[in-house]
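Undergrad: Below are the chains, spelled out letter by letter.
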Amino acid sequence: MNTFLQLLISALLVSSLYSLVAVGFTMYVGVINLANFSHGDTCVLGTFLMMPLFLYATKLGWISASTGLVILILIILLIFLTGLWGAAIYTILVKPLLAAPRLILLLATVAAGQVIREAIRVIYPNGSNPQVFPKLLPAGSLNLSGITLGYDSLTIIFLTIICILSLNFIIQKTKMGVAMRAVSQNADVAQMMGINIEKTIISVFVIGSALAGMAGILNGSYYGITKFNLGSNLGIKGFSAAVIGGLGDFKGAIVGGVLLGFIEVFAAAYIPNGSQYQDVFSFLAVIAFLIFRPSGILGEKIFEKV
Amino acid sequence: METINVKNRKTQFALRKLVTPFLLIIVVALLYSIVVFDNWLITLISLAIGVALFYAYAKLPGFKTIVTESMSKDKILLLIVGLLAIIAVPLTLRTQPYIIHILIIAQISIILALGLNFQVGSTGIPNLGYAAFYGVGAYTSALLSTKFGVSFWISILLAGCLSAIFGWLVGLPTLKTRSYHMALVSIAFGLVTYILLNNIAFTGGPNGIKNIPPPELFGKSLFSSLRIFGNTYPVQFNFYYFVLVFVLLAFVVSRFIFNSKIGLYFNAVREDEIAAKCSGINTSTMKLLAFSIGAFFAGIAGSLYAHYIGYISPENFNMNTSLQILGMVIMGGMDNIAGVGIGAFILSVAPEKFRSLADFRMLATGLIILLMLMFRPSGIIKQQIRKYTSKHLMTEKLTQGEHHG
Amino acid sequence: MAEICLSSKNLTMKFGGLVAIDNVSWTLHQDEILGIIGPNGAGKTTIFNVVSGLYTPTSGEIQFKGNIINGLPPYKIAKMGIKRTFQQSRLFDNISVLDNVLVGMATLSKGTLVKSLIRRKQMAKELDENIQKSLGILNHFSPFLAENPYRKAGDLVPGERRKLEICRALASDPDVLLLDEPAAGMDPNESAELMEDILKIRDIRKGIGIILIEHDMAVVQKTADFIVVISYGKEIARGSFAEVSSNPLVQEAYLGSEKENA
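Protein chains in written order, with my numbering: chain U, 1 to 306; chain C, 1001 to 1405; chain F, 2001 to 2262.
Hints are not guaranteed to be accurate.
What the hints assert, rightly or not - Output of the computed footprint for chain C on chain F, the stretches with three or more beta carbons under 8 Å from beta carbons of chain C:
no., stretch
1, 2078-2090
2, 2148-2159
To be verified - Computed list of lysine-lysine pairs in DSBU-like fashion (alpha-carbon distance at most 30 Å, straight line):
no., chain 1, residue 1, chain 2, residue 2
3, F, LYS2076, C, LYS1176
4, F, LYS2200, F, LYS2222
5, F, LYS2014, C, LYS1391
6, F, LYS2200, F, LYS2133
7, C, LYS1391, C, LYS1064
8, C, LYS1391, F, LYS2152
9, U, LYS59, U, LYS173
10, F, LYS2152, C, LYS1059
11, F, LYS2133, C, LYS1391
12, F, LYS2014, C, LYS1064
13, U, LYS95, C, LYS1059
14, F, LYS2065, C, LYS1176
15, F, LYS2009, C, LYS1391
16, C, LYS1073, F, LYS2121
17, C, LYS1073, F, LYS2125
18, F, LYS2014, U, LYS251
19, F, LYS2152, C, LYS1382
20, C, LYS1176, F, LYS2009
21, U, LYS59, U, LYS175
22, C, LYS1075, F, LYS2125
23, F, LYS2076, F, LYS2009
24, C, LYS1075, F, LYS2121
25, C, LYS1176, U, LYS251
26, F, LYS2065, F, LYS2200
27, F, LYS2079, F, LYS2133
28, C, LYS1387, F, LYS2079
29, C, LYS1382, C, LYS1075
30, F, LYS2234, F, LYS2065
31, C, LYS1391, F, LYS2200
32, C, LYS1391, F, LYS2079
33, F, LYS2065, F, LYS2076
34, C, LYS1387, F, LYS2125
Said to hold, decoys possible - Covered by chain C, per the in silico footprint, the following chain U stretches (three or more residues, Cβ under 8 Å):
no., stretch
35, 92-106
36, 153-160
37, 237-250
38, 285-294
For the record, the hints were derived by calculation from the structure and aren't laboratory data.
Quick caveat: nothing in here was measured; it's all calculated off a predicted structure.
Just so you know, even glycine gets a beta-carbon here, dropped at the ideal spot from N, CA and C.
The task is simple: from the sequences and hints, build the whole structure.
TA: Written out as structure tokens, the structure reads:
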């Protein structure tokens, strides 16, 4: 029973990580109907931006002093940086291609992801190898009747919930959120109503990339390592989660993330030799969903005019 | 005054006649220097000249008309010369087997790119896991020959067919969904195939399969060196011509399909799936067909690769391979057979020439794809308008309008 | 009285909680032009989408030549003889004018791939006939198109695009043609030409039944034999143009929506 509960915690943790990536991914799909295949690589970019920041902060001696606060500042700085990156990607890559057939833009994001990946590998010292990622999360654990609840796991789950709730707040209650919802339903009408489409789309990229940065560093902090090519895998899992849950809606992304996390953790634990084939189970799940229920568990929320 | 005009016309006429041979010489010289010299500087300069010529073609309408005119007039001459050049090249490379090897890899890449073109170029399906079909073909052929002693000719046929079936299966989940679902499924299939190949003992795991026997032609193995006129030719020589036959077949089949109803309906599905459906096209069947045919090509290419190199491992069929083949199609020209061939040639030969910069190969591929998509998404050579030979189309007005095609 | 070729009975289409079409019934006879009019967002295009098979109706049925066709996939319905145009012309932009019309003939039967290899001569003859027919249809509506068969469809001006879309739809000799707001964005000269084109359709295909969705009342008045008015998914009136235009309910539906938009 203890093992089961322990696995449950693990599953919740993995689910949080995947959900965060999926939610970021859903932003692009929901608002501008774009599958951004560079999302996962942006997560990894976040980790590779964070490491120099952390090293620098350590050099300046800030880390040992009031570590918690400094780490928080670093995280905020990183999110800011990845947000900026998102705006840059939009301006350089996406904006010129918005009028082109969607296939071109999709392939462009695939290529962009590859460029990010390879640029990291080539530019970062010793980039081809896995890098040690600093432990940003609180160490230690809680022991509850035989189950170990790591503080890092709890922090991740907590932070993920905070992120998703904040995002929900932005979408539901702020002016920009309303604009996003309007554009996602009908961009032409939204524009006629006075909504600045460009500003809205830039916001999507900024928020999406910031979420990616966050997801990346949480992922890196938990596993303690990062590598240039983790992005493609992470991005695919995030996309898969969003599809399984129901594309276009955050609830779908969360449901999908949870399902994917649970499948991976429990399959690895209970199927012999399972951990080797961990990824296969997730991908087979996606393929199965795409065959039998392509609109996902909660159903798609994409508007396409005929 | 009049005599000067006539002279101008005569010189103009003479000059026009020289354009084709002139172009031919330049192109052949460029290609030869890119292929043969193992100096990255020469390769770079040749590529630069090539790009400059291409730029002139695209941006200077005067240049463009001269080139297109001479090319359409002397089509047959160009084809014959081209074919002769392709056949003659290895004869000059007797002492440089590595260069012939590069050309063989280029040939296999051309077959792969032509196959992917059916899916991405003709039908508009974003397949990001094409290497899976390539791998299935290679492993099928390798396993059949090494573990079951099946002859090459049966192996390659079965490899193609099994890949085609696999292609059909991969296509099934995508029929009711949108293009990005297709991209996702293709990546998923690609990754699943890679992981399975890497972990299953039967396929040799990460060590792959070794000692794959070469094909046998008329009882003689292709690994036996030829002696012609007292000269010994390297083994690559045999394989070059062997694979060349398959490449030519691939071109012929691709062209046939392009010009047929099937090619037309592929394009309709790509351009507007809803309009295609409402015009009476069963778009599901078309997509599955694109998958199967494309996968078949990959299967054949896989088998050729396996029996040529003699050793395969999962690393030959990973995501990077898929992206590289995708790059060839995008760079060369979506649904332009000649363009795709050129793209495949450049993207398989150039990395060899820039071997000192090998580390940047994948980065360069990504950047090339990105730049092409941003600035010239239709590729080096755009898709050509289908022309038909019909008496109903042969009116004076039309032949005038043709030059805008 | 001419034969009924297409009809809908108690047709209802719901998207989740939204009722797009509410219990709508109409009949289309051979050689008749049925006009469907109504304020924006009334559900008119949705009717077309259901008829052409893009949506499956929530309830009710659509009958074509005695067969129930709701639930069939779009390509089958097209093959049976129902073709349509779209509000924003959906052409195959990157291929030629001629290719667009040839696609409209989509008669790819199961054995065609093999047939193309074996019966080369027969296929070539068929292709030749198809080209001749295509050029004929193009010429009927636009000599410009017939003289420029190799022009890319994407390079055409909007007027020619509309014509090409109609030609493509007529290429397979359909029994029913659904025209979705063909006059949208046209000035009076262009719409006058369009009216002629709509009437010309009957020359190409005798006995064809046409359903026309339109906002331009001049076009409707000149071409439609019978009109059904839809508002908020429900039918609110039917009859001749005179009857319908003087119907106070219809006037209110149009004026009412004008008030909202003001």
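Undergrad: So, for every hint listed, does it hold in this structure?
TA: Structure-based check of each hint:
no., hint, verdict
1, 2078-2090, "holds (count 6)"
2, 2148-2159, "holds (count 5)"
3, F:LYS2076 <-> C:LYS1176, "holds, 16 Å"
4, F:LYS2200 <-> F:LYS2222, "holds, 13 Å"
5, F:LYS2014 <-> C:LYS1391, "violated, 52 Å"
6, F:LYS2200 <-> F:LYS2133, "holds, 16 Å"
7, C:LYS1391 <-> C:LYS1064, "holds, 28 Å"
8, C:LYS1391 <-> F:LYS2152, "holds, 21 Å"
9, U:LYS59 <-> U:LYS173, "violated, 42 Å"
10, F:LYS2152 <-> C:LYS1059, "holds, 20 Å"
11, F:LYS2133 <-> C:LYS1391, "holds, 13 Å"
12, F:LYS2014 <-> C:LYS1064, "violated, 55 Å"
13, U:LYS95 <-> C:LYS1059, "holds, 24 Å"
14, F:LYS2065 <-> C:LYS1176, "holds, 29 Å"
15, F:LYS2009 <-> C:LYS1391, "violated, 48 Å"
16, C:LYS1073 <-> F:LYS2121, "holds, 27 Å"
17, C:LYS1073 <-> F:LYS2125, "holds, 27 Å"
18, F:LYS2014 <-> U:LYS251, "holds, 23 Å"
19, F:LYS2152 <-> C:LYS1382, "holds, 12 Å"
20, C:LYS1176 <-> F:LYS2009, "holds, 28 Å"
21, U:LYS59 <-> U:LYS175, "violated, 42 Å"
22, C:LYS1075 <-> F:LYS2125, "holds, 26 Å"
23, F:LYS2076 <-> F:LYS2009, "holds, 21 Å"
24, C:LYS1075 <-> F:LYS2121, "holds, 25 Å"
25, C:LYS1176 <-> U:LYS251, "holds, 23 Å"
26, F:LYS2065 <-> F:LYS2200, "holds, 24 Å"
27, F:LYS2079 <-> F:LYS2133, "holds, 18 Å"
28, C:LYS1387 <-> F:LYS2079, "holds, 26 Å"
29, C:LYS1382 <-> C:LYS1075, "holds, 18 Å"
30, F:LYS2234 <-> F:LYS2065, "holds, 25 Å"
31, C:LYS1391 <-> F:LYS2200, "holds, 26 Å"
32, C:LYS1391 <-> F:LYS2079, "holds, 29 Å"
33, F:LYS2065 <-> F:LYS2076, "holds, 14 Å"
34, C:LYS1387 <-> F:LYS2125, "holds, 16 Å"
35, 92-106, "holds (count 9)"
36, 153-160, "violated (count 0)"
37, 237-250, "holds (count 3)"
38, 285-294, "holds (count 5)"
Consistency note: the structure conflicts with the earlier hints numbered 5, 9, 12, 15, 21, 36.
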